[in-house]
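**Student:** Start from the sequences and build out the full structure, keeping to the hints where you can.
So the protein lines, in turn, are chains A and B. Add 28 to the 1-based position in the first sequence for this note's numbering, that's all there is to it. Add 64 to the 1-based position in the second sequence for this note's numbering, that's all there is to it.
By construction, these hints were calculated from the structure, which means they are not laboratory data. Backbone N, C-alpha and C define an ideal beta-carbon position, used for all residues, glycine too. The reader is advised that the hints may include incorrect statements.
Label-pair restraints from in silico Cβ distances [unchecked claim]:
1) Ala158/B / Ser91/A: 49 to 55 Å
2) Glu256/B / Arg162/A: 58 to 64 Å
3) Glu117/A / Thr70/B: 55 to 61 Å
4) Leu121/A / Thr295/B: 23 to 29 Å
5) Glu155/A / Glu71/B: 37 to 43 Å
6) Arg343/B / Gly206/A: 28 to 34 Å
7) Glu56/A / Pro599/B: 37 to 43 Å
8) Leu129/A / Asp237/B: 40 to 46 Å
9) Leu79/A / Ala158/B: 30 to 36 Å
10) Thr70/B / Leu121/A: 54 to 60 Å
11) Asp107/B / Glu117/A: 37 to 43 Å
12) Arg176/A / Gly187/B: 50 to 56 Å
13) Ser208/A / Ala517/B: 28 to 34 Å
Partial pick of chain B residues on the chain A-facing surface, computed with a CB cut under 10 Å [stated by the list, open to error]:
14) Gln92
15) Gly93
16) Leu501
What follows is the residue order along each chain.
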Amino acid sequence: MIRLYDWELSVNCYKQRLMMGILGVDYESVPVDFYPGREHKSPEFAEINPLGHIPVLVDGDYSLRDAHAILVYLAAKYDPSRRWYPVDEPELLGETAQWMLFAEATTNTASAARLHVNLGYDFDIEECRAGAHRLFRVLDEHLWFRERDGLGWVAGAEHPTIADIAIFPDVMLSEEGGISRLDYPALRRWTDRVRRIPGFVVMPGIFPVGDGPERADPLSIA
Amino acid sequence: MSAVLTELRAAWHPVAAGTDLPPRHAFQGELLGRELVAWRADDGFVNVWENRCLHRGVRLSIGTNDGTELVCRYHGWRYASRSAGCTYIPAHPADAPARTICNRTFPAVERYGLVWTGEDPVGEVPDVAVLEGGHTDLRHLPFDAPADLVMAELGSLRFAPVGSPSGEPVGVDVVEIGPLTVALTASDGSAESSVVVFVQPVDAAHCVVRPVLAGVVDAADLRAVRRHHATALETLRTSVEEIARTLPGPEPYEVLLERAPVHVADPAPPVAGRTAPLRVRVARKWRTSAEVMAFDLESIGDPLPTHQPGAHIDVHLPNGLVRQYSLTNGPGDTASYVIGVKREPESRGGSVALHDTVREGDVLAISEPRNNFVLRRDSPRTVLIAGGIGLTPLLAMARALHRMGAGFELHIFARSDEHLPFADVLETLGSSVHTHLGLDPAATGVTLGELLAEPASTDQVYVCGPGPMLDAARSLAAAAGWADEAVHFEYFANTTEIDVSSTFEVSLARSALTVTVPAGSTILEVMRENGVAVPSSCEQGACGTCSVAVIEGQPDHQDVYLSESERARGDRMMVCVSRARGDRLVLDV
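**Tutor:** Given below as structure tokens:
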């Protein structure tokens, strides 16, 4: 069975749990005492990931680190519809990759602010917050125009991609880092849509949103 | 408070686009420093409320819009659309919340594609003549800058009018058409476009700029036009925010935090007897089954009070009779109450009067809704059993459970398809509805026995129907091992012979009054003669409204409201029909 080196409160580990929940992939969570134990920096953990961070996914003999890389692997391997990582559609694949890099930026700003506030990480909090707001402005506008085209996801498809999964928790937990979403109504609507994807799972701070208007078609944007 | 702020508080402001409120979404907004939650109910009604749960102050915008109720994320308190009254408190699942638990609401109007509200707005949402011939929604932008600075800078917005030959942005003519509203007109050759810009003061340092383009743009050009305007406004935002950063931060707006409203701080004494403070108009009367007429009773003036599944009202009839009818519609329907009335020619004339003499357009006096048949919403399986017209309270319950996605079964016993009321509503409840048609009493008993077999400890059952069926269901449930507290029932009427022969003394502890109840009188009547107020409704021991706590003495229960275990406890009694076993009672009145 797949093993995920995991910490309940980590956004990057949650991205994997969410993806595997949606794809219906069974896995075993291996808890890592990230805080306060700093187990990911222990010599034992260095053998699993010399970079000393989580998540790490082990699938049989195969081991992979870095949250967004693991999403690529999971979707490419376990989504027979080939829509979550759209390898057969070059334009869409390019957009997905573009928004995966955007997710690196939201993680390094919005989620970094959260680490600063919750765990005392030494980041420039004002710069983290300002950076997150710059990104959220771009994403809110992008999603607003997508809605005008009848589309509901960050990449220009009728189906969500791993980019939605990669960005979603950074946005949902932003308020823990002192970043309000008051100014981003389109972004807030998109978080409703992600939470209505069948197989959605929760983590502390990320709650279900209840049934949407179209129970029959939870991926519709309405 | 400054004169400017006073003026802003008396004005209408847009706080969202209509498209910001899709179904089942809770929008987070802010106006003049006050946070708001805005949400659209399934019937289209737009609610704008203070963004905090009355319980622990958590933002309601992180909660769930279930179509008629907004549910707080923290402890699950539910608030009804329109009235914002609390309809359910999960920590007290068997109690009806007090009607005074009500969130702060603000008026809401949709116009020009925008949702308007205000702290205390005077008059109507302003007319904007240039938008009356049609309009196109553009992208709105939040600005990290005060509203007055943005107003002063809006004249430097540049855009190309729709159909402009060059497509190049040009300068605009500015006409101020309201305190925070300007019309900007750009002309290029024969092309001319006007954009009306509404500036929403979020707080002293922030605003949202909400532009609306006059006229309807061809669908083919829409995307390009919206892109163009979004880019133009973004350019303006960059320069205005740069200016704002150089200015000293403005004084924050003073937000008026309300004290508890008077009705909460100083509740009115309980209303005596059967009062009918509400007036409703019969908006629609229709036959919903062979013997049942449905009545849609719409409010005259103010929205009707919040109600919960299981609630009933007293209807005061033109012939002087007062009858109780359950509300069949949902908690958010405060525009009207829908009741179903079965024609009972044998009875004393209440249903006949409603069937034969009350017409559409007539005005009726009704009581406020009361809920003595409270639906727990925390059971994984709820069994609702209706006999004929007993469906009415269970219909409201089924609708609530269906909307919540809770597990439930609704079983309806009726003579035939023609005797099934509200078939159109039943259809919307899908596979949870089961009908049992044309069964004789013996077969009904067998079916009830099957339905009530092997209850799980968390199951709840609600039964409403004719007396014999209810009696049968209760004894079958007890025999099958249902806990007394899990069996909820509501009788139409108390058909037991009331024994009024005893004479006894009643001490009313809170009123410091001792009265004698002679044979032939009821406790309720004697209390009323002595000026002691207790609410009542059916006055025959069926509805539970006049329930009073017993401090001392043994009640002689003659009602059909209390369960066996509640009777045995002897700590409550229905003062309309029940009496004393001994010669004295002490009541908590």
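**Student:** Next step is simple, just say for each hint if it's right about the structure.
**Tutor:** Hint-by-hint comparison with the structure:
no.	hint	verdict
1	Ala158/B / Ser91/A: 49 to 55 Å	holds (54 Å)
2	Glu256/B / Arg162/A: 58 to 64 Å	violated (35 Å)
3	Glu117/A / Thr70/B: 55 to 61 Å	holds (58 Å)
4	Leu121/A / Thr295/B: 23 to 29 Å	holds (28 Å)
5	Glu155/A / Glu71/B: 37 to 43 Å	holds (38 Å)
6	Arg343/B / Gly206/A: 28 to 34 Å	violated (51 Å)
7	Glu56/A / Pro599/B: 37 to 43 Å	violated (60 Å)
8	Leu129/A / Asp237/B: 40 to 46 Å	holds (43 Å)
9	Leu79/A / Ala158/B: 30 to 36 Å	violated (55 Å)
10	Thr70/B / Leu121/A: 54 to 60 Å	holds (57 Å)
11	Asp107/B / Glu117/A: 37 to 43 Å	holds (40 Å)
12	Arg176/A / Gly187/B: 50 to 56 Å	violated (33 Å)
13	Ser208/A / Ala517/B: 28 to 34 Å	violated (54 Å)
14	Gln92	holds (5 Å)
15	Gly93	holds (7 Å)
16	Leu501	violated (29 Å)
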